[in-house]
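Chains as they are written, first to last, in the working numbering: chain Y, 215 to 509; chain V, 215 to 509; chain B, 215 to 509; chain L, 215 to 509.
Be aware that one or more of the hints could be misleading.
Same chains, same label: a pair holds when it works inside one copy or across any pair of copies.
[To be verified] With a straight-line cut-off of 20 Å between C-alpha atoms, the simulated DMTMM-like cross-links for lysine to aspartate or glutamate are:
{"hint": "1", "residue 1": "Lys473", "residue 2": "Asp456"}
{"hint": "2", "residue 1": "Lys504", "residue 2": "Asp456"}
{"hint": "3", "residue 1": "Lys285", "residue 2": "Glu359"}
{"hint": "4", "residue 1": "Lys235", "residue 2": "Glu407"}
{"hint": "5", "residue 1": "Lys370", "residue 2": "Asp467"}
{"hint": "6", "residue 1": "Lys415", "residue 2": "Glu355"}
{"hint": "7", "residue 1": "Lys460", "residue 2": "Asp354"}
{"hint": "8", "residue 1": "Lys508", "residue 2": "Asp412"}
{"hint": "9", "residue 1": "Lys473", "residue 2": "Glu247"}
{"hint": "10", "residue 1": "Lys415", "residue 2": "Asp272"}
{"hint": "11", "residue 1": "Lys508", "residue 2": "Asp438"}
{"hint": "12", "residue 1": "Lys415", "residue 2": "Glu359"}
{"hint": "13", "residue 1": "Lys415", "residue 2": "Asp438"}
{"hint": "14", "residue 1": "Lys473", "residue 2": "Glu407"}
{"hint": "15", "residue 1": "Lys235", "residue 2": "Asp272"}
{"hint": "16", "residue 1": "Lys504", "residue 2": "Asp438"}
{"hint": "17", "residue 1": "Lys415", "residue 2": "Glu377"}
{"hint": "18", "residue 1": "Lys415", "residue 2": "Asp354"}
FYI, nobody ran anything at the bench for these hints, they're computed from the structure.
There are 4 protein chains.
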Amino acid sequence: MQIGFIGLGHMGGPMAANLLKAGHALTVFDLSEGALDEARKAGATLAASPCAVAQASDVVITMLPAAAHVKAVYLNEDDGVLAGVRPGVPLIDSSTIDPATARMIGEAARARGNPFADAPVSGGVVGAQAGTLTFMVGADEALFETLRPVFSGMGKNMVRCGETGTGQIAKICNNLLLAISMIGVAEAMKLGESLGIDPGKLASIVNTSTGRCWSSETCNPYPDIVPTAPASRGYTGGFGADLMLKDLGLAVDAARQAKQPVFMGALAQQLYQSMSQQGLGGLDFSGIIKLYGKG
Amino acid sequence: MQIGFIGLGHMGGPMAANLLKAGHALTVFDLSEGALDEARKAGATLAASPCAVAQASDVVITMLPAAAHVKAVYLNEDDGVLAGVRPGVPLIDSSTIDPATARMIGEAARARGNPFADAPVSGGVVGAQAGTLTFMVGADEALFETLRPVFSGMGKNMVRCGETGTGQIAKICNNLLLAISMIGVAEAMKLGESLGIDPGKLASIVNTSTGRCWSSETCNPYPDIVPTAPASRGYTGGFGADLMLKDLGLAVDAARQAKQPVFMGALAQQLYQSMSQQGLGGLDFSGIIKLYGKG
Amino acid sequence: MQIGFIGLGHMGGPMAANLLKAGHALTVFDLSEGALDEARKAGATLAASPCAVAQASDVVITMLPAAAHVKAVYLNEDDGVLAGVRPGVPLIDSSTIDPATARMIGEAARARGNPFADAPVSGGVVGAQAGTLTFMVGADEALFETLRPVFSGMGKNMVRCGETGTGQIAKICNNLLLAISMIGVAEAMKLGESLGIDPGKLASIVNTSTGRCWSSETCNPYPDIVPTAPASRGYTGGFGADLMLKDLGLAVDAARQAKQPVFMGALAQQLYQSMSQQGLGGLDFSGIIKLYGKG
Amino acid sequence: MQIGFIGLGHMGGPMAANLLKAGHALTVFDLSEGALDEARKAGATLAASPCAVAQASDVVITMLPAAAHVKAVYLNEDDGVLAGVRPGVPLIDSSTIDPATARMIGEAARARGNPFADAPVSGGVVGAQAGTLTFMVGADEALFETLRPVFSGMGKNMVRCGETGTGQIAKICNNLLLAISMIGVAEAMKLGESLGIDPGKLASIVNTSTGRCWSSETCNPYPDIVPTAPASRGYTGGFGADLMLKDLGLAVDAARQAKQPVFMGALAQQLYQSMSQQGLGGLDFSGIIKLYGKG
Numbered sequence: 215m216q217i218g219f220i221g222l223g224h225m226g227g228p229m230a231a232n233l234l235k236a237g238h239a240l241t242v243f244d245l246s247e248g249a250l251d252e253a254r255k256a257g258a259t260l261a262a263s264p265c266a267v268a269q270a271s272d273v274v275i276t277m278l279p280a281a282a283h284v285k286a287v288y289l290n291e292d293d294g295v296l297a298g299v300r301p302g303v304p305l306i307d308s309s310t311i312d313p314a315t316a317r318m319i320g321e322a323a324r325a326r327g328n329p330f331a332d333a334p335v336s337g338g339v340v341g342a343q344a345g346t347l348t349f350m351v352g353a354d355e356a357l358f359e360t361l362r363p364v365f366s367g368m369g370k371n372m373v374r375c376g377e378t379g380t381g382q383i384a385k386i387c388n389n390l391l392l393a394i395s396m397i398g399v400a401e402a403m404k405l406g407e408s409l410g411i412d413p414g415k416l417a418s419i420v421n422t423s424t425g426r427c428w429s430s431e432t433c434n435p436y437p438d439i440v441p442t443a444p445a446s447r448g449y450t451g452g453f454g455a456d457l458m459l460k461d462l463g464l465a466v467d468a469a470r471q472a473k474q475p476v477f478m479g480a481l482a483q484q485l486y487q488s489m490s491q492q493g494l495g496g497l498d499f500s501g502i503i504k505l506y507g508k509g
Numbered sequence: 215m216q217i218g219f220i221g222l223g224h225m226g227g228p229m230a231a232n233l234l235k236a237g238h239a240l241t242v243f244d245l246s247e248g249a250l251d252e253a254r255k256a257g258a259t260l261a262a263s264p265c266a267v268a269q270a271s272d273v274v275i276t277m278l279p280a281a282a283h284v285k286a287v288y289l290n291e292d293d294g295v296l297a298g299v300r301p302g303v304p305l306i307d308s309s310t311i312d313p314a315t316a317r318m319i320g321e322a323a324r325a326r327g328n329p330f331a332d333a334p335v336s337g338g339v340v341g342a343q344a345g346t347l348t349f350m351v352g353a354d355e356a357l358f359e360t361l362r363p364v365f366s367g368m369g370k371n372m373v374r375c376g377e378t379g380t381g382q383i384a385k386i387c388n389n390l391l392l393a394i395s396m397i398g399v400a401e402a403m404k405l406g407e408s409l410g411i412d413p414g415k416l417a418s419i420v421n422t423s424t425g426r427c428w429s430s431e432t433c434n435p436y437p438d439i440v441p442t443a444p445a446s447r448g449y450t451g452g453f454g455a456d457l458m459l460k461d462l463g464l465a466v467d468a469a470r471q472a473k474q475p476v477f478m479g480a481l482a483q484q485l486y487q488s489m490s491q492q493g494l495g496g497l498d499f500s501g502i503i504k505l506y507g508k509g
Numbered sequence: 215m216q217i218g219f220i221g222l223g224h225m226g227g228p229m230a231a232n233l234l235k236a237g238h239a240l241t242v243f244d245l246s247e248g249a250l251d252e253a254r255k256a257g258a259t260l261a262a263s264p265c266a267v268a269q270a271s272d273v274v275i276t277m278l279p280a281a282a283h284v285k286a287v288y289l290n291e292d293d294g295v296l297a298g299v300r301p302g303v304p305l306i307d308s309s310t311i312d313p314a315t316a317r318m319i320g321e322a323a324r325a326r327g328n329p330f331a332d333a334p335v336s337g338g339v340v341g342a343q344a345g346t347l348t349f350m351v352g353a354d355e356a357l358f359e360t361l362r363p364v365f366s367g368m369g370k371n372m373v374r375c376g377e378t379g380t381g382q383i384a385k386i387c388n389n390l391l392l393a394i395s396m397i398g399v400a401e402a403m404k405l406g407e408s409l410g411i412d413p414g415k416l417a418s419i420v421n422t423s424t425g426r427c428w429s430s431e432t433c434n435p436y437p438d439i440v441p442t443a444p445a446s447r448g449y450t451g452g453f454g455a456d457l458m459l460k461d462l463g464l465a466v467d468a469a470r471q472a473k474q475p476v477f478m479g480a481l482a483q484q485l486y487q488s489m490s491q492q493g494l495g496g497l498d499f500s501g502i503i504k505l506y507g508k509g
Numbered sequence: 215m216q217i218g219f220i221g222l223g224h225m226g227g228p229m230a231a232n233l234l235k236a237g238h239a240l241t242v243f244d245l246s247e248g249a250l251d252e253a254r255k256a257g258a259t260l261a262a263s264p265c266a267v268a269q270a271s272d273v274v275i276t277m278l279p280a281a282a283h284v285k286a287v288y289l290n291e292d293d294g295v296l297a298g299v300r301p302g303v304p305l306i307d308s309s310t311i312d313p314a315t316a317r318m319i320g321e322a323a324r325a326r327g328n329p330f331a332d333a334p335v336s337g338g339v340v341g342a343q344a345g346t347l348t349f350m351v352g353a354d355e356a357l358f359e360t361l362r363p364v365f366s367g368m369g370k371n372m373v374r375c376g377e378t379g380t381g382q383i384a385k386i387c388n389n390l391l392l393a394i395s396m397i398g399v400a401e402a403m404k405l406g407e408s409l410g411i412d413p414g415k416l417a418s419i420v421n422t423s424t425g426r427c428w429s430s431e432t433c434n435p436y437p438d439i440v441p442t443a444p445a446s447r448g449y450t451g452g453f454g455a456d457l458m459l460k461d462l463g464l465a466v467d468a469a470r471q472a473k474q475p476v477f478m479g480a481l482a483q484q485l486y487q488s489m490s491q492q493g494l495g496g497l498d499f500s501g502i503i504k505l506y507g508k509g
């Protein structure tokens with residue numbers, strides 16, 4: 215398939231590389247010369263603008279840092295995707311942005327005759343490189359089926375969440391809960407330690423009890439509980455605290471627009487903001503435990 | 215075995231009944247005539263005081279509402295357990311109380327030559343009736359092995375958490391995390407609903423992703439996601455919000471004494487306090503979702 | 215003076231009327247026919263666009279609901295203020311918006327040779343009608359002095375906060391604190407009532423002690439403590455909860471961009487969001503006390 | 215008057231000294247030899263127990279660290295105040311404790327024929343030394359009038375808050391609000407600084423606007439805004455953060471017993487707990503601003 219790919223950063227770069235490996239032809243665009251260079255060496259064709267990418271492609275994927283970039287890349291009158299894409303060509307945005315912008319882009323695309331799917335991912339840079347990402351997809355069923363082979367080239371799981379925007383909703387709701395439960399595990403582990411129970415013992419009890427969650431079982435923030443967790447290697451790798459902070463911002467903002475209180479979510483956001491202010495935003499998000507005192 | 219049992223309430227009543235069914239001889243005490251009557255009919259011998267229970271028993275179990283009762287039952291000079299128990303007889307407190315009081319009682323017991331285990335339970339009234347409770351036990355290894363047959367008569371799992379007090383620590387840390395993750399699930403589900411994703415779809419995505427936890431998988435607070443969950447039967451049954459509020463109080467108080475901040479835990483406590491103030495404290499603790507607006 | 219006024223809503227309408235009363239000539243623009251009609255009757259000249267207002271004026275004032283409107287009114291290439299204003303004409307934005315947008319507009323204005331002041335107000339609709347507003351002004355000293363007579367036509371106090379953007383900063387920081395202290399008073403009053411002290415007695419003690427603040431002295435949220443407070447007339451009049459919610463949103467967003475944690479501010483935002491979700495957003499912001507249970 | 219004084223610590227010591235200076239005869243008790251020695255040198259008569267103090271006095275004042283001490287000093291059967299006091303002798307407890315214990319002590323006293331007043335103070339060690347304390351008094355009117363001369367020997371203001379327990383209620387409600395507004399000021403000042411307004415300018419605007427409060431005007435937590443504030447001398451002197459933490463604990467606990475949510479109060483408690491955990495509990499409570507990042 216002739217695929218267009220716009221946004222070759224930490225996530226987009228390896229995703230594009232995997233599509234090439236899967237045998238697709240790629241036309242790409244990015245603002246970074248270095249990223250373009252690497253893509254060219256891997257076999258991609260370079261284009262001069264999002265518009266030019268779109269003109270050359272049977273499907274277009276975008277992977278961008280934030281909603282402002284997504285709006286510009288799709289909607290710019292001169293050189294945006296919608297200015298160049300042929301009617302009927304499906305468009306996929308895998309950026310993590312707010313659901314309202316996703317819906318707005320989707321409407322603009324459909325107005326020009328282009329199906330649109332929001333398809334944010336989970337799995338991080340490691341998943342992008344290994345081709346094991348999960349795609350949370352907002353698309354009608356027909357489009358979802360059409361896009362399966364494209365997602366397959368970059369990930370292992372794809373789940374249809376509903377109509378346009380629901381991919382983003384699923385992602386921010388999941389990550390809201392993830393942040394809250396991670397902080398909950400941090401508080402429980404530090405409280406237990408302060409009170410005098412062995413942290414490993416506490417973790418094993420929680421993990422067979424009602425407190426168990428992904429953050430306690432797989433990514434426990436207390437060091438040396440889960441050998442493969444970032445906490446056991448100095449909070450490196452994993453899902454960066456500043457990225458979690460970005461997702462919490464999306465969740466809390468979306469909640470505001472929906473007039474939906476999210477007490478815990480807002481507190482989580484402030485705790486990650488404090489972590490980031492202390493210069494720890496580059497650590498894995500399980501490093502939030504550092505706000506709760508020394509070991 | 216000749217077992218003494220003090221405290222025949224919602225939990226203690228069925229626990230005592232199961233010990234009788236398991237073939238043990240029971241001497242019991244409670245302040246409620248009704249509870250005593252029922253125990254007598256089930257085959258227990260009544261005693262006139264905790265002291266009298268202790269005098270007649272080879273092991274004593276207590277199951278009481280709060281630390282004040284535990285202190286009185288063990289330490290009262292006239293008629294407390296320690297005033298009557300023979301040296302060497304092991305003592306088990308299955309009440310949920312603060313770890314400091316558990317340790318204090320343990321020391322008082324050992325000073326008189328009696329091994330002491332704190333052994334709070336999880337599983338609720340349903341688990342107490344079905345004999346499927348989990349015991350979180352603070353005891354040395356020898357004592358833990360000695361007590362196995364006693365716990366077996368009332369539950370399915372027993373886990374040794376460490377020395378005296380660690381049973382209580384494990385329980386309050388687990389329940390602190392449980393409250394936080396339950397509220398996190400409530401916020402994520404209500405946010406998703408507000409933004410327009412199908413709640414069942416959102417739950418299924420969360421449950422295969424990093425947000426998954428016991429509260430999302432087994433006890434989802436959104437109605438009709440998990441058919442067996444209290445949320446699907448009007449928040450009846452399950453673990454009452456006022457009981458969760460009690461446990462959060464223990465956790466936050468223990469944190470205070472340890473000078474350990476628990477930001478999320480304190481917020482959870484206030485949210486449950488608000489729920490209780492609104493007259494909803496008798497509902498299952500997943501009913502906290504009602505604070506987040508109508509469906 | 216020949217003044218241009220854009221935005222004739224609940225605030226802008228009476229502000230414009232007061233400028234007319236003060237003897238200034240006004241050219242106005244608004245999207246509402248009704249508002250324009252009223253302005254015309256009061257003696258204003260109508261213009262067809264922000265651009266047309268600017269062309270006709272020696273100073274331009276804008277009073278708009280949010281940053282998006284401010285951007286459009288100033289920057290639209292066809293019909294925006296900057297498209298029509300003569301170089302040297304000073305521009306005043308009295309909307310409450312984020313400091314970053316204020317600075318951006320200020321730079322765009324200066325690039326065209328126009329001095330710009332951000333000058334959000336406090337005092338509400340009542341102050342706008344009575345001509346007793348306070349202006350918090352971000353402008354250099356020369357501009358501030360130039361604009362004094364304009365502000366005098368609409369308000370009683372004007373304070374220079376620093377360079378462009380600082381008017382907005384002062385307003386959102388003050389209102390962040392105002393929201394927090396109002397909720398603090400609500401909690402203290404309700405706690406006192408629950409514990410059994412006479413609320414009037416408690417208020418009088420607080421007001422002569424270290425807890426005293428504008429929210430306890432002048433706008434006490436407990437009914438019938440301060441006869442002139444909205445709480446004593448069913449929480450009508452005053453500063454609407456939904457407006458406070460908007461200002462908290464600006465404060466928390468600005469904090470996010472500055473990576474500055476605001477734990478209490480974020481909690482205040484969620485509490486006002488909950489109030490708004492319950493349909494109480496039209497009440498005075500002191501109505502937050504209703505979240506703390508019945509009297 | 216023949217006054218008994220029990221508890222000669224940081225507060226009680228100077229209070230007793232001032233009573234001596236005012237010409238009263240004092241019989242005193244404390245556990246510290248040093249404190250007793252100092253009192254003896256100042257002219258006090260030493261007694262061997264609270265009971266002995268009470269036997270020798272026409273009025274008894276206690277100034278103790280916490281409720282447990284108050285209970286022991288009044289209620290101990292062997293050597294407590296109530297074991298020795300003559301009927302009719304009024305009793306004053308100036309400790310800061312929970313209202314429920316104050317009421318319980320009051321009932322025990324009245325049962326023996328002794329009027330009882332809870333009379334916690336504000337003003338700190340500085341006020342105790344200078345004799346400028348404020349007494350918040352829970353007592354009926356007749357008792358309040360009777361005790362005026364006693365309070366006058368130690369302070370400048372005395373306010374009757376209502377019946378027994380209301381003195382404590384007034385104090386914890388005021389200090390709950392004080393903690394919240396102090397943190398609110400800290401957040402507003404740090405946000406303003408982060409966004410680029412001059413902190414002194416911001417403070418002056420807030421202090422003439424709706425954000426003004428004792429914490430912004432008199433004890434501003436930002437350094438060098440208020441020259442006489444602890445913030446301008448390294449957060450020394452003033453009201454220690456650990457003492458505020460104690461009072462917040464009383465407020466949040468009392469709220470729990472009343473099933474009264476105090477969201478902000480609970481968050482304030484955790485923030486002070488974090489401050490204390492970081493080893494800063496000895497600073498003035500305005501030092502909470504240190505949690506919000508470097509200047």
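Hint-by-hint comparison with the structure:
1. Lys473 - Asp456: Between. Shortest inter-copy distance 10 Å satisfies the 20 Å Cα cut-off; intra-copy 25 Å does not.
2. Lys504 - Asp456: Result: close within a single copy only, 15 Å intra versus 22 Å inter.
3. Lys285 - Glu359: neither (26 Å within a copy, 42 Å between copies)
4. Lys235 - Glu407: Neither: 48 Å inside a chain and 39 Å across chains, both beyond 20 Å.
5. Lys370 - Asp467: Neither: 30 Å inside a copy, 36 Å across copies.
6. Lys415 - Glu355: between (46 Å within a copy, 14 Å between copies)
7. Lys460 - Asp354: So Lys460 and Asp354 fail the 20 Å test inside a copy (27 Å) and across (35 Å) alike.
8. Lys508 - Asp412: Classified as within; 15 Å inside a copy, 35 Å across copies.
9. Lys473 - Glu247: Intra 43 Å, inter 30 Å, cutoff 20 Å: neither.
10. Lys415 - Asp272: neither (54 Å within a copy, 30 Å between copies)
11. Lys508 - Asp438: For Lys508 and Asp438, the Cα distance is within 20 Å only inside one copy (15 Å; across copies 32 Å).
12. Lys415 - Glu359: between (46 Å within a copy, 18 Å between copies)
13. Lys415 - Asp438: within (12 Å within a copy, 35 Å between copies)
14. Lys473 - Glu407: Intra 38 Å, inter 12 Å, cutoff 20 Å: inter-copy only.
15. Lys235 - Asp272: Answer is within; shortest intra-copy Cα gap is 18 Å, inter-copy 65 Å.
16. Lys504 - Asp438: within (15 Å within a copy, 31 Å between copies)
17. Lys415 - Glu377: So Lys415 and Glu377 pass the 20 Å test across copies only (12 Å; inside, 44 Å).
18. Lys415 - Asp354: This pair counts as between: shortest inter-copy Cα distance 14 Å, intra-copy 47 Å.
Hints 3, 4, 5, 7, 9 and 10 from the earlier list are contradicted by this structure; the remaining hints agree with it.
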